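Engineer: With these hints in hand, go ahead and build the complete structure from the sequences.
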Amino acid sequence: GENVEQHPSTLSVQEGDSAVIKCTYSDSASNYFPWYKQELGKRPQLIIDIRSNVGEKKDQRIAVTLNKTAKHFSLHITETQPEDSAVYFCAASKGSNYQLIWGAGTKLIIKP
Amino acid sequence: ETGVTQSPTHLIKTRGQQVTLRCSSQSGHNTVSWYQQALGQGPQFIFQYYREEENGRGNFPPRFSGLQFPNYSSELNVNALELDDSALYLCASSLKREGQGEQFFGPGTRLTVL
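Quick note, the sequences are listed as chains A and B, same order. Here the numbering used here is used: the first residue of the first sequence is 28, the next is one more, and so on. Here the numbering used here is used: the first residue of the second sequence is 238, the next is one more, and so on.
Rather than coming from a laboratory, the hints here were simulated on the basis of the structure. Bear in mind that the values here come from a model prediction, so they are computed numbers and not experimental data. Just so it is clear, CB atoms sit at the ideal spot from N, CA and C, and this is done for glycine as well. Among the hints, a few may not be true.
To be verified - From the structure, some residues in chain B lie toward chain A, with a derived Cβ separation under 10 angstroms: (1) 274; (2) 296; (3) 331; (4) 342.
Unchecked claim - Pair ranges (Cβ atoms, derived): (5) B/349 - A/66: 32 to 42 angstroms; (6) A/134 - B/300: 24 to 34 angstroms; (7) B/349 - A/134: 19 to 29 angstroms; (8) A/110 - B/257: 34 to 44 angstroms; (9) B/332 - A/54: 22 to 32 angstroms; (10) A/54 - B/299: 40 to 50 angstroms; (11) A/109 - B/290: 40 to 50 angstroms; (12) A/45 - B/245: 20 to 30 angstroms; (13) A/81 - B/332: 37 to 47 angstroms; (14) A/96 - B/244: 44 to 54 angstroms.
Said to hold, decoys possible - Each computed SDA-like pair below joins lysine to any residue, with the alpha-carbon atoms no more than 20 angstroms apart: (15) A/49 - A/101; (16) B/333 - B/291; (17) A/134 - B/247; (18) A/69 - B/247; (19) A/64 - B/339; (20) A/121 - B/267; (21) A/49 - A/68; (22) A/134 - B/325; (23) A/121 - B/287; (24) A/85 - A/106.
Structural biologist: Rendered as structure tokens:
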């Protein structure tokens, strides 16, 4: 079955700097790759997603890139702010079943 | 906040007991997925229900079972509880159609097994 690996497990960056989180997936049939942000004690919230027919997608300070050949995708956050501190999860699914397989998460710490 | 609700918010059970968790999906959604999130880990896919039928299952034993009702709300049942079942249980609703993928999560049920 699908396996999603996520790195790093913890990322500490200075406020205003950029943060990059990387994920790899094993099933070449996967075609939907969302990123979720989860604050302590709260539900995961979708922040951006990308489909396999697109190589890059951007939404203000957040961007996601996908390399289908290498089977990896990355989350880029620019001009980080204190409210970006949270745990970020990548996930993958295939077809139209939306059965998400998740990475282990990255704890992002924004230092003032 | 999403329109997905879950009950109860917290639950404490002992080993061997049975538990039922409930999820009300967002209006207009026909698919509910259940996930188990152990502390400090990513959610693990348990199973998904689409139009009252199980539509895929993760690597969970048969003592994890579910239902979806005609109004698309759903239940997760766990029998013979084990200590390792302690986790946050999340449900997510979505509208199954081509080109759509976003799942909307409920606040979760925190289950503690003693």
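Engineer: Identify every previously stated hint that the structure contradicts and give their numbers, smallest first.
Structural biologist: Checked against the structure, the hints that fail are numbers 5, 10, 12, 13, 17, 21, while the rest are satisfied.
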